[in-house]
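Novice: Listed here are the chains, written in short residue letters.
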Amino acid sequence: MFKAVDYVRPKSIDEAHDLFVSNTNSQILGGGTYLYLSKRTIQLLIDLQETSLKYISQRDGKIRIGAMSTLSDVEESDIFKNAFNGLVKKVVSDIWSYQLRNAATVGGTVYSRLGFSEFLTLLAVLDVDVVFHNTGVISIKDFLKMPPLRDILKEIVITENDLKVSFQVFKRTHFDFPVLSLAVARCDDEFRIAVGSRPGCALLAKDTPKLLSEGCRDLKTVCDSLIREIPFADDLRASSEYRRHVCGVLFKRALSEVL
Amino acid sequence: MKITLTVNGRKENLEVEPSTTLLEALRMLGLYSVRKGCDTASCGVCTVLMDSKPILSCCSLAVQAQGHSITTVEGLEKDKDFEEIRKNLLSEGADQCGYCGPSLLLTVYSLKKRNIKSLQEIQKYLVGNLCRCTGYHSQLRAIKEFMEVGE
Numbered sequence: 001m002f003k004a005v006d007y008v009r010p011k012s013i014d015e016a017h018d019l020f021v022s023n024t025n026s027q028i029l030g031g032g033t034y035l036y037l038s039k040r041t042i043q044l045l046i047d048l049q050e051t052s053l054k055y056i057s058q059r060d061g062k063i064r065i066g067a068m069s070t071l072s073d074v075e076e077s078d079i080f081k082n083a084f085n086g087l088v089k090k091v092v093s094d095i096w097s098y099q100l101r102n103a104a105t106v107g108g109t110v111y112s113r114l115g116f117s118e119f120l121t122l123l124a125v126l127d128v129d130v131v132f133h134n135t136g137v138i139s140i141k142d143f144l145k146m147p148p149l150r151d152i153l154k155e156i157v158i159t160e161n162d163l164k165v166s167f168q169v170f171k172r173t174h175f176d177f178p179v180l181s182l183a184v185a186r187c188d189d190e191f192r193i194a195v196g197s198r199p200g201c202a203l204l205a206k207d208t209p210k211l212l213s214e215g216c217r218d219l220k221t222v223c224d225s226l227i228r229e230i231p232f233a234d235d236l237r238a239s240s241e242y243r244r245h246v247c248g249v250l251f252k253r254a255l256s257e258v259l
Numbered sequence: 001m002k003i004t005l006t007v008n009g010r011k012e013n014l015e016v017e018p019s020t021t022l023l024e025a026l027r028m029l030g031l032y033s034v035r036k037g038c039d040t041a042s043c044g045v046c047t048v049l050m051d052s053k054p055i056l057s058c059c060s061l062a063v064q065a066q067g068h069s070i071t072t073v074e075g076l077e078k079d080k081d082f083e084e085i086r087k088n089l090l091s092e093g094a095d096q097c098g099y100c101g102p103s104l105l106l107t108v109y110s111l112k113k114r115n116i117k118s119l120q121e122i123q124k125y126l127v128g129n130l131c132r133c134t135g136y137h138s139q140l141r142a143i144k145e146f147m148e149v150g151e
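For the record, the sequence lines run as chains A and B. The opening position of the first sequence corresponds to residue 1 in the numbering used here, with each subsequent residue numbered one higher. The opening position of the second sequence corresponds to residue 1 in the numbering used here, with each subsequent residue numbered one higher.
Hint data in this document are derived by calculation from the structure and do not stem from the laboratory. We put the CB at the ideal spot given by N, CA and C, even for glycine. Careful, some of the hints might be misleading.
To be verified - Residues from chain B that face chain A, not an exhaustive set, calculated with beta carbons under 7 angstroms:
(1) P18
(2) S19
(3) Y32
(4) A41
(5) T47
(6) K53
(7) P54
(8) I55
(9) L56
(10) C59
(11) S60
(12) L61
(13) V63
(14) V127
(15) G128
Stated by the list, open to error - With a straight-line Cα cutoff of 25 angstroms, these simulated DSS-like cross-link-like pairs (lysine-lysine) come out:
(16) B:K53 with A:K54
(17) B:K2 with A:K3
(18) B:K53 with A:K90
(19) B:K36 with B:K53
Just chain A, with the same shape it has in the complex:
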């Protein structure tokens, strides 16, 4: 368990940001549901719960989720009942336990780029922008490739559109982190493919979507391409070899839903 020397609850994002950047050993506190596994000593914990970042709104074809919204807020939001055919709601409601979803925040999940996050794998293939206090708006595609930012994540913005999306996940038991998660989105001839729980953070494929866009529909060719370009590793849940195999299976299932 981590140790913290001091704790503050700023009333504004400006105040929180100033504290965060002026103290190099400070840590933003979302739900705290992952932080407790750390063994660090943190000088200053900055709790964002009074910075008005807990909201979900829908306007002009965009859904905005404040960083301090919990996974349960997403699961229970009427907005996500219909958006993307209820897929976001379904994916979030299958994450770990009800108790954890009541505390874990969207900001904590996205900012930390949690490798095991099914939610992040899904977000990676949607039209999503992440909005930081100082850095501004970054597409999730760019955000996933960037080094960690010393900035405060304010919200994520999901553009509603007609993407055809398939999300696949394989877990050893329902109540576990995934062995692998995979999402495919299609808009006409454009494809996006993300693979998460590799066990690293969700990664967008580059070559395989091009193959599909060029009209290749040979399942073996596209599966081999995806397995070749995505790096996998071993952890206590599965070996890299097993993950490669599961990736091929999940990818075929996803393609059968979007092609």
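Fit chain B to the supplied structure of chain A, relying on the hints for placement.
Specialist: Quick look at chain B alone, frame taken from chain A:
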């Protein structure tokens, strides 16, 4: 640091470290129904209600809970719904060693306010409440009756 928690409707003053968990703080207050189990957010025995929703007190900080309403089973002793689910569990023999009992009671109590329509849905919300004794069948019989749902 000094904090004030609202626990079972009462204001409680405590001296804690910033990294003291809510679980540790509640046990400091003598609320021993809040159990220490896995400490990895897996077993659910540390469940308490925060603003009527179940959370895991082993991975929540006491300082985070300031300004929120915390409920443990000690605070529900006179509650009608709570009494009903407690009786149901006892009559089905769904409580053996008792270690997971308070956390299960709180999660089920919180679900009563939701529009749960099926056994499958109940099971989905209870995956985070592990029980090593009962095999869950007797618990589910009691909970189904309490929630008034069919198969």
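Novice: Closer than 7 angstroms between Cβ atoms is the bar; does B:A41 clear it against chain A? Give me holds or violated.
Specialist: OK, holds: B:A41 within 7 angstroms of chain A, min 6 angstroms.
Novice: Hint check: is the beta carbon of B:L56 less than 7 angstroms from a beta carbon of chain A?
Specialist: holds, 5 angstroms
Novice: Does A:K90 sit within 25 angstroms of B:K53, going by the straight-line distance between their CA atoms?
Specialist: holds, 20 angstroms
Novice: Have a go at the B:S19 hint: is there a Cβ in chain A nearer than 7 angstroms to its own Cβ?
Specialist: holds, 4 angstroms
Novice: Is the interface hint for B:K53 satisfied, with its Cβ closer than 7 angstroms to some Cβ of chain A?
Specialist: This hint holds: B:K53 lies near chain A, its Cβ roughly 5 angstroms from the closest one there, short of 7 angstroms.
Novice: Holds or violated: is the Cβ of B:C59 closer than 7 angstroms to a Cβ in chain A?
Specialist: With a closest approach of 4 angstroms, the B:C59 hint holds.
Novice: Once the shortest beta carbon distance from B:T47 to chain A is found, is it less than 7 angstroms?
Specialist: holds, 6 angstroms
Novice: For the hint on B:G128, just tell me whether its beta-carbon gets within less than 7 angstroms of chain A.
Specialist: holds, 2 angstroms
Novice: Just to be careful: measuring from the Cβ of B:I55 to every Cβ in chain A, is the smallest value less than 7 angstroms?
Specialist: Status holds, d = 5 angstroms.
Novice: For a C-alpha distance cap of 25 angstroms, please report whether B:K36 and B:K53 respect it.
Specialist: holds, 19 angstroms
Novice: Take a quick look at whether B:K53 and A:K54 sit within 25 angstroms of each other, Cα to Cα.
Specialist: Given that 25 angstroms is the threshold and the Cα spacing comes to 16 angstroms, the pair holds.
Novice: Can we keep the B:V127 interface hint, with Cβ of chain A closer than 7 angstroms?
Specialist: With a closest approach of 4 angstroms, the B:V127 hint holds.
Consistency note: the structure conflicts with earlier hint 3 alone.
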